[in-house]
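Student: Just so you know, we're using full-length UniProt numbering here: the sequence shown kicks off at 1 and counts up by one.
Rather than coming from a laboratory, the hints here were simulated on the basis of the structure. Hints are not guaranteed to be accurate.
[Unchecked claim] In silico lysine-lysine, BS3-like type, Cα no more than 25 Å apart, as pairs:
| no. | residue 1 | residue 2 |
| --- | --- | --- |
| 1 | Lys427 | Lys947 |
| 2 | Lys544 | Lys794 |
| 3 | Lys932 | Lys427 |
| 4 | Lys947 | Lys932 |
| 5 | Lys424 | Lys947 |
| 6 | Lys951 | Lys721 |
| 7 | Lys794 | Lys424 |
| 8 | Lys424 | Lys721 |
| 9 | Lys544 | Lys947 |
| 10 | Lys951 | Lys794 |
| 11 | Lys544 | Lys951 |
| 12 | Lys932 | Lys424 |
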Amino acid sequence: MLSKASALSHGAVLLSTIITSVTYEQSSLLARPVQSSIVLLSILGVSFFLLRNQIAYFISFSSSSASGTKTFDLPLQESPVSNGRKDSRKDSNESRSGQFSATQPRSRRIVVISTAIAISLRVLLSGLIFDNAQCSMNSVEGYLPLLLAIYDYWYIQRRRPEFDHASRANGRTLRKLWPAAFLTAAYTVRASVMGAPKSTYICPLSSSANTGIPAMQVLSILLDCYVLVAISGVASTAKVDASPTSENPSVVVGSIFLLSSVVLLIGGIFALGINQVYWVELFGVDFSYTGSLAWQAALSSLTVVAALHISMTHGLLHLTTFILCICIYCTGLAFASTNRNVLPPTGMMPLIAFLGLFLLGAVLYVHAEAVPGTGRGQPSQRLSRRMPLSISSILVLLVLFLGWSYDLQTQELVAHPIDWLISKAEKQSNDWANQASVSMNLAECVQEYQRRYQRHPPPGFDAWHRYATARNSVVIDDYDTMMEDLLPFWGISPAEIRLRTQQVISDPWNEVSEIIIRNGHAGLGPDFLPTHRWMLDGVINLVKDFSSYLPDMVVTFNLNDEPRVAVPYKEMQKLRGLAIGSPKHLRKTVQHSWSADRVATWHIPEDLGSTRPFEDRSRTNAFSTSTAACPPSSPAQRATTWDSRNLCTSCAAPHSHGVFLSNWTLSASPCHQPDLRNLHGFYLSPAAFKPSHRLLPIFSQSKVHGYADILYPSPWNYIDKIDYSASDEHPDPPFPEKENTLFWRGATSEGVSRHGTWKGMTRQRLVHLANNLTAVPTIRSPTLPVLLPNAQGKYTYQTLAHSNPIAALNLSLDISIVDGIARAWDNDGAAQDAEFGFAPPTDFQDHWRYRYLMDVDGAGFSGRFLPFLQSGSLPFRAAIFRSWWDGRLTAWKHFVPVDVRLHGLLSTLAFFAGTAGGAAGAGGGMTEGNVKAGAMIAEAGREWAGKVLRKVDMEIYMFRLLLEWGRLTDDRRDEIGFVV
1 MLSKASALSH
11 GAVLLSTIIT
21 SVTYEQSSLL
31 ARPVQSSIVL
41 LSILGVSFFL
51 LRNQIAYFIS
61 FSSSSASGTK
71 TFDLPLQESP
81 VSNGRKDSRK
91 DSNESRSGQF
101 SATQPRSRRI
111 VVISTAIAIS
121 LRVLLSGLIF
131 DNAQCSMNSV
141 EGYLPLLLAI
151 YDYWYIQRRR
161 PEFDHASRAN
171 GRTLRKLWPA
181 AFLTAAYTVR
191 ASVMGAPKST
201 YICPLSSSAN
211 TGIPAMQVLS
221 ILLDCYVLVA
231 ISGVASTAKV
241 DASPTSENPS
251 VVVGSIFLLS
261 SVVLLIGGIF
271 ALGINQVYWV
281 ELFGVDFSYT
291 GSLAWQAALS
301 SLTVVAALHI
311 SMTHGLLHLT
321 TFILCICIYC
331 TGLAFASTNR
341 NVLPPTGMMP
351 LIAFLGLFLL
361 GAVLYVHAEA
371 VPGTGRGQPS
381 QRLSRRMPLS
391 ISSILVLLVL
401 FLGWSYDLQT
411 QELVAHPIDW
421 LISKAEKQSN
431 DWANQASVSM
441 NLAECVQEYQ
451 RRYQRHPPPG
461 FDAWHRYATA
471 RNSVVIDDYD
481 TMMEDLLPFW
491 GISPAEIRLR
501 TQQVISDPWN
511 EVSEIIIRNG
521 HAGLGPDFLP
531 THRWMLDGVI
541 NLVKDFSSYL
551 PDMVVTFNLN
561 DEPRVAVPYK
571 EMQKLRGLAI
581 GSPKHLRKTV
591 QHSWSADRVA
601 TWHIPEDLGS
611 TRPFEDRSRT
621 NAFSTSTAAC
631 PPSSPAQRAT
641 TWDSRNLCTS
651 CAAPHSHGVF
661 LSNWTLSASP
671 CHQPDLRNLH
681 GFYLSPAAFK
691 PSHRLLPIFS
701 QSKVHGYADI
711 LYPSPWNYID
721 KIDYSASDEH
731 PDPPFPEKEN
741 TLFWRGATSE
751 GVSRHGTWKG
761 MTRQRLVHLA
771 NNLTAVPTIR
781 SPTLPVLLPN
791 AQGKYTYQTL
801 AHSNPIAALN
811 LSLDISIVDG
821 IARAWDNDGA
831 AQDAEFGFAP
841 PTDFQDHWRY
851 RYLMDVDGAG
861 FSGRFLPFLQ
871 SGSLPFRAAI
881 FRSWWDGRLT
891 AWKHFVPVDV
901 RLHGLLSTLA
911 FFAGTAGGAA
921 GAGGGMTEGN
931 VKAGAMIAEA
941 GREWAGKVLR
951 KVDMEIYMFR
961 LLLEWGRLTD
971 DRRDEIGFVV
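Based on the sequences and whatever the hints tell you, model everything.
Tutor: Have a look at this one:
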């Protein structure tokens with residue numbers, strides 16, 4: 001059996017490998033690999049110096065116990081004499097490890113320096129590879145044991161000819177090569193076929209990263225081999241009881257780590273004058289990941305010590321093969337548990353191939369370990385006796401894996417999931433419409449209001465009810481979105497709301513302007529930005545027909561596209577608790593009129609002074625600010641997804657049914673989607689982002705999940721900045737007669753591209769995907785399986801041809817950028833110019849000729865979605881921004897939702913338009929699309945928009961919103977209201 005030290009070492013490596021393989025894709029340390037490596041290498045080096053004797057004794061325990069010495073016995077040069085005779089154990093061990101010599105102090109110093117340089121270069125390459133992961137090859141790391149096995153074979157055959165006869169006699173020259181080859185093949189199959197599909201993150205064809213990153217990966221794996229062999233070599237020639245500055249193995253290894261961190265620091269200082277991005281990435285402080293850094297430092301120290309022990313007692317091949325087996329098994333289980341909800345596999349054959357290769361490699365490896373003469377301080381008979389037990393354990397693990405993966409066989413669906421989603425949406429839409437107007441008169445409306453919101457309606461509610469019913473509003477009772485926006489403000493006093501209102505309008509830098517309502521009239525405040533005069537004038541036009549019913553007040557409007565108020569989770573929970581827990585909601589005595597002294601309370605001092613409650617975060621990643629409202633236990637708060645190569649299936653799973661978006665509301669939340677950090681322009685680099693973590697009274701046209709801005713109907717739509725105006729010149733033909741095309745024209749206005757952030761922005765990814773601008777090698781191309789009917793008429797996920805997957809669809813995609821590249825800094829504009837083609841501007845009214853219209857967020861909400869909805873075309877919408885009317889629409893009933901990852905776009909198009917052939921697998925020929933389903937959704941959206949998204953509906957919503965805001969800002973808000 002294994003010694004106690006070996007058992008502890010194997011357990012430590014097992015635990016750390018499991019943790020790393022399961023969490024590495026969301027490790028915050030890998031998001032900043034260079035900085036993290038400097039800190040970890042420094043901690044490792046210091047730990048090895050401080051605990052030099054304990055560490056040295058532990059890693060040499062098993063190897064020294066047999067001979068009664070504390071000196072490592074793995075010299076890697078000819079040293080045939082030991083106590084007057086050749087050390088056969090030394091020869092055996094040398095054949096096992098395949099290391100080179102470093103017995104002399106000068107040679108050891110050379111190896112220490114070269115190894116430190118190799119580690120530093122490896123870290124820098126890792127930083128570049130992680131930053132361009134979308135251009136990287138898959139499964140390269142799995143080749144490490146195979147390369148070590150090849151090196152071991154070459155070393156024995158070429159460098160140690162005296163071993164040839166004995167090695168050939170018992171097959172030892174190839175005994176480790178075959179299992180390494182089969183296990184590497186198993187890892188490649190699992191990573192390439194059974195792994196997560198590739199993301200749509202852009203690997204530019206015009207960039208050197210397209211070929212440079214794979215080359216860096218190859219160089220990195222060679223550096224890994226060198227570093228492992230070198231560290232094991234210099235440690236094996238050191239002495240446990242040596243002086244701290246001489247040959248102590250812990251001191252030698254610690255010196256390598258410390259020297260590596262120094263080299264990286266010097267490189268960072270040198271890079272200061274060359275590459276500012278590298279400097280910021282290297283030395284920028286982000287306290288949010290310090291906990292992960294401390295945990296990883298402790299885990300790394302334990303793992304390195306355990307790995308050194310295993311390397312010294314069992315060899316590098318044993319160590320790396322052991323780790324590879326664990327990685328294969330754990331990542332396979334992770335795939336089985338998370339991937340099924342988003343993208344089921346394409347069949348049983350990949351699973352069978354993976355398990356077969358894994359079983360064969362594991363059995364051959366156990367057999368190789370049991371070959372006589374391979375034990376180190378352990379009789380080979382023990383290994384031979386353990387072989388049946390080891391093989392039995394492997395078989396048990398495979399049976400467990402098969403049981404866990406049983407439902408991952410080819411999933412043949414009798415009906416298409418979109419049919420189910422459409423049916424579900426029909427019921428949801430009907431249920432919402434039925435409860436949106438349950439009251440038949442004013443008395444019932446008041447009663448329903450009290451039941452829903454546990455307080456009386458505000459004064460003037462009767463006027464609002466007359467206004468809404470006179471305009472045939474079909475939404476009378478359901479204003480849950482509005483009340484949810486206003487709820488936190490019940491947690492602060494009216495006086496405090498008014499004070500914060502004055503603060504946000506005190507300085508034009510805040511980019512907030514006010515509309516002042518006095519004596520029943522709405523007008524502009526004294527200070528406003530001329531560039532946004534149209535917006536404020538639009539608000540005045542919006543309220544003019546009912547302003548006589550409004551109390552005196554000041555309303556502050558956000559002039560930017562981006563939202564502004566990101567209140568942290570705990571603070572928001574506290575405010576909501578204060579609002580919900582108030583005992584004064586349904587007083588019996590209620591005053592029907594506003595307070596008489598409201599004008600005085602809203603008096604704005606002439607010399608208010610300048611107050612800036614916002615911070616300027618423009619052109620920086622806004623994800624951490626946006627996720628402040630997420631629970632501390634949420635993935636967005638606890639994980640950082642850096643992997644831009646693979647689709648984060650666990651991120652998409654909560655709101656997905658296969659590749660199809662099933663929960664439109666949940667899909668906007670970043671709390672369970674840490675990968676959104678790099679998949680939308682607002683998160684990557686917003687153009688004009690000035691947020692605050694205080695609850696401020698800001699009215700915005702749209703917002704993303706987690707922001708506390710108050711939504712109101714956008715003047716953009718109210719004053720028809722872009723409108724639906726079909727005419728004889730620009731007709732809107734019946735749906736079946738429209739061109740069978742998915743159409744989009746737009747600018748790169750989603751965010752400011754700098755340092756390559758454009759590669760993750762939704763608009764650029766859409767253009768890249770639609771025009772098949774993907775890397776030619778299939779190992780890095782997005783593999784987006786499409787749900788198609790097979791020969792038996794059942795639906796399975798099949799992969800479209802890599803050469804041009806768009807050509808397999810029975811429609812065309814006319815998706816292009818117009819007017820060149822906008823909002824790009826440094827070299828990003830030139831890079832996008834080289835990558836994308838441009839289309840000439842088109843008349844907006846030309847959209848109606850196309851059957852399918854794509855709608856994507858800009859810097860804020862897309863102002864074109866409402867005209868799309870009003871047309872007879874079918875809108876496809878990929879968005880994280882939400883507007884006042886989002887609660888009134890139902891995805892799959894009124895429009896087609898698309899995840900911003902775009903991984904389900906091709907499958908969705910294949911459902912409506914069909915395929916023209918070119919799919920791999922059964923049933924890969926022509927399939928007929930569901931044009932009738934598309935026409936039904938398009939007509940339902942048009943009809944419903946004509947009922948609930950009219951201009952008068954915007955007025956009705958704004959009327960009620962301002963009545964609620966007037967009550968919130970009234971000092972007697974708990975005493976006033978409307979009762980019948």
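Student: Output the indices of the hints that this structure fails to meet, ascending.
Tutor: 2, 8, 10
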